[in-house]
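For the protein sequence lines, the chains are A and B, in the order given. When you line the first sequence up against the numbering used here, it's residues 220 to 768, in that order. When you line the second sequence up against the numbering used here, it's residues 15 to 113, in that order.
Just to be clear, a hint being listed does not mean it is correct.
Stated by the list, open to error - Computed from the model, here is a short list of chain B residues facing chain A with C-beta under 7 Å:
id	residue
1	V28
2	R87
3	P93
4	S110
What the hints assert, rightly or not - With a Cα cut of at most 25 Å, we get these calculated DSS-like pairs of lysine-lysine:
id	chain 1	residue 1	chain 2	residue 2
5	A	K584	A	K549
6	B	K85	B	K16
7	B	K85	A	K316
8	A	K256	A	K472
9	B	K102	A	K296
10	A	K718	A	K697
11	A	K697	B	K85
12	A	K256	A	K225
13	B	K24	A	K256
14	A	K384	A	K410
15	A	K697	B	K24
16	A	K316	B	K24
17	B	K102	B	K85
18	B	K24	A	K296
19	A	K697	B	K102
20	B	K24	B	K102
21	A	K384	A	K296
22	B	K102	A	K316
23	A	K718	A	K440
24	B	K102	A	K256
Honestly, the hints are just simulated from the structure, not real lab data. From the three backbone atoms N, C-alpha and C, an ideal C-beta is built for every residue, glycine too.
Here is what each chain is made of, one letter per residue.
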Amino acid sequence: MYQYDKYDQAMVDARVAEFREQTRRRIEGHLTDDQFKPLRLKNGLYLQLHAYMLRVAIPYGTVSSRQFRMLAHIARKYDRGYGHVTTRQNMQYNWIKLEEAPDILADLATVQMHAIQTSGESIRNVSADQYAGAAADEIIDPRPWAEVIRQITSFMPEFSYLPRKFKIAVIASDEDRVAMRWHDFGIRIVKNENPENGAGEIGFECYAGGGMGRTPFIAYKIREFLPPTQILSYLQAVLRVWNRNARRDNIHKQRMKILVHDLGEEEFRRQVEEEFQNFLALGQDVPQAEYDRVAAYFAPPPFETGLSDEIDRSDPDFALWADRQLVAHKAPGYAIVNISLKPTGGIPGDMSAEQMELVADLAEKYSFDEVRATHAQNLVLPHVRKADLYAVWQALDAAGLAGVNLDLVTDIIACPGLDYCTLANARSIPVAQRIAERFADLDRQRDLGELKIKISGCINACGHHHAGHIGILGVDRKGTENYQLLLGGSGSEDVSQAKITGPGFDEAGIVDAVERAVDRYRELREPGERFIDTYRRVGFDPFKESIYG
Amino acid sequence: MKILTGNDLKTGAVVWWDGSGWSLHVEDATDAGEHADMILATETAACRVNGGYAIDGVPDDHGKARPAHIKDRIRAYGPTVRPDLSLKPADPDAGSWVI
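The following block holds chain B by itself, in its conformation from the complex (with noise of 0.2 Å):
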């Protein structure tokens, strides 16, 4: 499983393929496949994305697509010392998947 990362070229905010578009959201990030290089030439080509990169992923319980490497996991939670930061700092569970 292959999923497209990178920054939002203004704000710098992570973010990842769901298909069509950039989402802020890991949980809409979708399994790029074998177009994830064309995805990613296209996309920076047209600076819709900053630094973008692919990634290994991995099936969550519900089958959404998750990053492999901690290093990922943290872009897509935010810092685990500060969880109030994070995009989803009222959800509990939010960073349960993370380490």
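The following block holds chain A by itself, in its conformation from the complex (with noise of 0.2 Å):
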């Protein structure tokens, strides 16, 4: 894992420290609500519903044990004995106190973390596959990158007065795991395979554009193969020809999807080259010996070698957990543990204070001290001995936390929405509730296969229902709830875009509806088909049909 340098410690405690200050002078009635907003912003805070809320940067979603420690520290000594993990692979609480934000902070910074560009108008915590480094399928890890992009979009002054916030997400394997092209800019991580030209090279393939929300767009590739140390120049392409030409009249038009759409794709990469050219003239590209250097910190844990790939399924219930929640990891000997957030009528992505201490001595004792958040709200154990996934699989049940259903139909997504949220318009907590309940049967949920909900309580779609096979949207109609169920989505390597299939449903009748759209599927299936597979198979009327009956 990166370990921060002198700079990175001083640039934390210095704006730990000028919080700190920022927030005396506001309590003490120097600075006005609307003063300081923006300035607690920048440090994550916001306020919600119920509290102050503090998010939590947890950079490409890679977590050691001691800095998971940290996090159940904050949930158990400043929050509610929680905390909840984001689709951008953060944690966030929901109860924090103003007086008591500059405390954690520092608390924070003792573990090398922060909330800085957690929130505001600035380039968010990059994404990144939450298998890096660990899955077979990856070209190389893509985290070092992530790292070298976080490194220069901080606190940097051509990003520093963006038009709107800014999503990266860094892949490096054809399966997209982290909804990359859902992302203002996306790098897939490529191998060039060219044999009369540079074969062997790697390469990013470059998108952009993407974003969900009220205006939702799927991100272009704007360029086949940029060699990784020019990134800084490309990226600060990209940021230049938005911050040209961007809107700022209009806080619904400003994000980058919007001026790619406007201007055109060609249009847009014409000038995103040009910018590129003239960036690239001035040599302050990352050197190859800097990439080096953090790379290092992301060297391969010490695998052993000559271990079996032998799993003892002995145990029924640990062999169900086993065939749904392991993945192939690229060492012999080892696998990747998925640990499901989403127990039958739970919140999605809530966790306690001790299963964080349970996940964190397990990563510890199990994982080369690694933990990871995904974007689908659950954790993952990176790189577990199987001779040891019997013992971790019977910690993990003992905490509640061995759930059985890893992107199957109660993996659901869904967005804090107005049990929590200012901007929500509806609950999605309570939706998400009632369909794990209604589908809790595990036979049935695995004869359903892969099938992904994805519900947010409003426009702003932070719960990605623009990007589920089954998509709920949750609207205020005359001040009730009211639910739009979308079909079609994805935010996988398969990527599109779901669709309004009619009329919204109350909260009852949400639930009624996606499983007659799950029915529909198991009359039209075909053998192998996913729900996705035969929704673009067999169109949207035959679903409609069924859902309005």
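Two chains, two separate frames, one set of hints: put the complex together.
Set out below in structure tokens:
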């Protein structure tokens, strides 16, 4: 894992001291609410429905045991004993007191964490594949480049007064596990396969203009192959074109996706390429040696060799869990463990301080000290010996963390919704809970196979409803909650935007409507087809017919 | 009926204008009527409330002011999915008026 150098630590410590003073001035009445708001937002502190909410950055979703214990400590000491994993792989707390916020940031700084750029018009936490460094299908570990990007986009003047927020994702495999093309800027690390021209070289396939919210767009590919060490010039070019052209008169029109759409793919690309040449000429790019320095922190852990790939499946409950929650690891004898934060009837992404500490202990003992947060609001232990899996499962099971539902119908992404969020129009969590209860039978879930439900409580789409095989959007209809049903979205490599089926439903009605859509899928599916495959084959109408009967 | 609400500056807790100050309990909320804007301006300027705003209220069966909109009813009660974190977790009727 990356370790702060003296500059990183000095910057974070200085920010804590600055915010402590700003907070003191606010509490003493020297700063108004309006004056203080942008200052607290720069430190990830929102004012939400019930209290202040703090969003802590987990860069590219990677966190150490020590850091995870600190997240547990914050939950216990400063919040109400729990935290919430977000769709940007961060951790947020719902019951923060302003007067304690500087102490929290100071505590975070002791373990090289912060909440900078988790809010406001900034470059947000860089997402990366939660299986980075472990996935059998990756070309290289994407995190060193994600870390380089994190560093060059932190506190940089060119990126400090953006029209709106800006989200970046980095992946290095064909499978997209972070909804990369729903980001403002996405990178897929690829290998040049052309035997006549540089075969074997690593490069970036670049995408721009994606985003959810009220105006959803899937990012275009704007460059086939960028030499990685030119990423600073290229990213500056993208940001400069956006900064130069973006509207700043209407908050709903200021995201880069709107500009890319308005200019058109070709014109946006042309302007970026033109600026790119200007930046390249300045010779400011990241030297290979700096990348190598960063990459050294992400060197593979010392995997044991000669391990068996056999897993003892004699305990049927363990076997069920292992069949669903494990993913192939690149090192023989190891597995990637997915920890579900979606217990039936629970709150997607929530976990208690005690559960955090348990996961930290397991990571320390069994996973080379690493935990990952996923954009689907689950956790990962990336490097577990297959021989240790049973012990890990037993510990998880005892803590209520051995759910068996990875990518199944109950593995639901849900935003905090109207239970916590000032922007929400409807509650998301109760809908997720009712759906999970309706489909609780594991045999039924397994029969349905991969089925991704994503729920947002308003059009800002923090619950990724545009990218759900089944999406649900909560709206306010004359003061009551109403839910629209969408079908056909995907955040994966087969990316697509979901389509609204028709009139909305109340809370009970939306659960029934989901079930009717799922039942229709079972009637129509062909062998091996997932829900999304059947939907794409037969189209919208058979489902709509069934939903609205 | 106009009710005033906001958040406590230091703690962020939801508060309600009770006629002379800010209470944690929505049962204490009073109708600010035509004085709502003036009270908010005064209280905000004095940093006695954070992010204050006026909302429509409706009387409950006992004539007490309740927020009209679901968002503010949830603010008053707490997250509906965590009744243990509401101000009155032991009161089984505490949330009966929220949804």
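Restraint outcome when P93 of chain B is required to lie within 7 Å of chain A by C-beta distance = Hint on P93 of chain B: holds, closest Cβ of chain A at ~4 Å, below 7 Å.
Can the restraint linking K584 of chain A and K549 of chain A be considered satisfied, given a maximum Cα separation of 25 Å?
-> holds, 20 Å
Pair hint K24 of chain B and K256 of chain A, alpha-carbon separation not exceeding 25 Å | This hinted pair holds, its Cα atoms lying about 14 Å apart.
Is K316 of chain A within 25 Å of K24 of chain B, Cα to Cα?
-> holds, 6 Å
Between K256 of chain A and K472 of chain A, is the straight-line Cα distance small enough, at 25 Å or below?
-> Between K256 of chain A and K472 of chain A the Cα gap is close to 22 Å, so the pair holds against 25 Å.
Mind checking the alpha carbons of K102 of chain B and K296 of chain A for me, to see if they're no more than 25 Å apart?
-> holds, 21 Å
25 Å limit on alpha-carbon distance, applied to hinted pair K85 of chain B and K16 of chain B = Given that 25 Å is the threshold and the Cα spacing comes to 15 Å, the pair holds.
With 7 Å as the cut and Cβ atoms as the points, is S110 of chain B at the interface with chain A?
-> violated, 16 Å
Cut-off 7 Å, beta-carbon criterion: hint that R87 of chain B touches chain A | violated, 10 Å
Are K718 of chain A and K697 of chain A close enough, with their CA atoms no more than 25 Å apart?
-> This hinted pair holds, its Cα atoms lying about 23 Å apart.
Verify the proposed pairing of K384 of chain A with K296 of chain A, using a straight-line Cα cut of 25 Å.
-> violated, 31 Å
Holds or violated: K85 of chain B to K316 of chain A, with C-alpha atoms at most 25 Å apart | holds, 21 Å
Against the hints set out earlier in the document, violations occur for numbers 2, 4, 12, 14, 15, 19, 21 and 24.
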